[in-house]
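Take the sequences, apply the hints, and build the full model.
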Amino acid sequence: GNSVTQMEGPVTLSEEAFLTINCTYTATGYPSLFWYVQYPGEGLQLLLKATKADDKGSNKGFEATYRKETTSFHLEKGSVQVSDSAVYFCALSDLTGGYQKVTFGTGTKLQVIP
Amino acid sequence: DVKVTQSSRYLVKRTGEKVFLECVQDMDHENMFWYRQDPGLGLRLIYFSYDVKMKEKGDIPEGYSVSREKKERFSLILESASTNQTSMYLCASSPGAGNTIYFGEGSWLTVV
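Those protein sequences? They're chains A and B, same order as listed. Every position in the first sequence, counted from 1, becomes a number in the working numbering once 676 is added. Every position in the second sequence, counted from 1, becomes a number in the working numbering once 234 is added.
Treat the hints with care, since some could be wrong.
[Stated by the list, open to error] Over 10 Å on every C-beta distance to chain A, these chain B residues come out as not near it, computed from the model: (1) S242; (2) E290; (3) P295; (4) R307; (5) E313; (6) N333.
[What the hints assert, rightly or not] Taking lysine-lysine and the DSS-like style, the derived pairs with C-alpha atoms no more than 30 Å apart in a straight line are: (7) A:K785 with A:K732; (8) B:K289 with A:K728; (9) B:K247 with B:K304; (10) B:K304 with B:K237; (11) A:K785 with A:K728; (12) B:K305 with B:K291; (13) A:K728 with B:K237; (14) B:K237 with B:K287; (15) A:K728 with B:K291; (16) A:K732 with B:K237; (17) B:K237 with A:K753; (18) B:K289 with B:K304; (19) A:K744 with A:K728; (20) A:K736 with B:K237; (21) A:K753 with A:K736; (22) B:K289 with B:K247; (23) A:K785 with A:K753; (24) A:K736 with A:K785; (25) A:K785 with B:K237; (26) B:K287 with B:K304; (27) B:K252 with B:K305.
Treat the hints as calculated values from the structure; they're not laboratory data. C-beta: ideal position from N, C-alpha, C; glycine also.
As structure tokens, this is what we get:
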């Protein structure tokens, strides 16, 4: 079956540092890939997505490129802010048995300190 | 904007009680999902529905049931709540395969 593996946290960075959160996946089909963000006490919000190989998703300074050859979708941001502190989930969406199946990674907690 | 609304943010229930968690979406989405989220385990799919009155088991359906009588509403039912069902429950909806799924704000359930 499909799976998503993302780096374990927590990740602690100083403000304005460069962020990378690694995400790799296994899938039998051609999935769409997503990054979601969860702020404390809230549900998940879509951060960015990519629907095919070599697509780059971007939003709020975050970027991720769909790399089919390495089955990866790493999240990057050039300069993090305290307000970026949250839990980040990598996910893939595929058609399995005729239904949409969404598989999530276990989440990576990011803490940005001033 | 898509809105997924979960009726209860915080609930405290006693062991053995029947619990209803309600979810409504306003975008005419075909697919709806219920997940639970626990520390260290990420999100686990309980049930999903791809149409009115249709449902499919997810990865951890035991102890839960669902109801989808109208397209916009998807209910999660705990027939007899147990302490190991204390968790955060997330409802989500999607227009279909490959598309973004949209989440509600979550319902924190504590079973005592």
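- Query: What hint numbers does the structure not satisfy?
  - Reply: 2, 6
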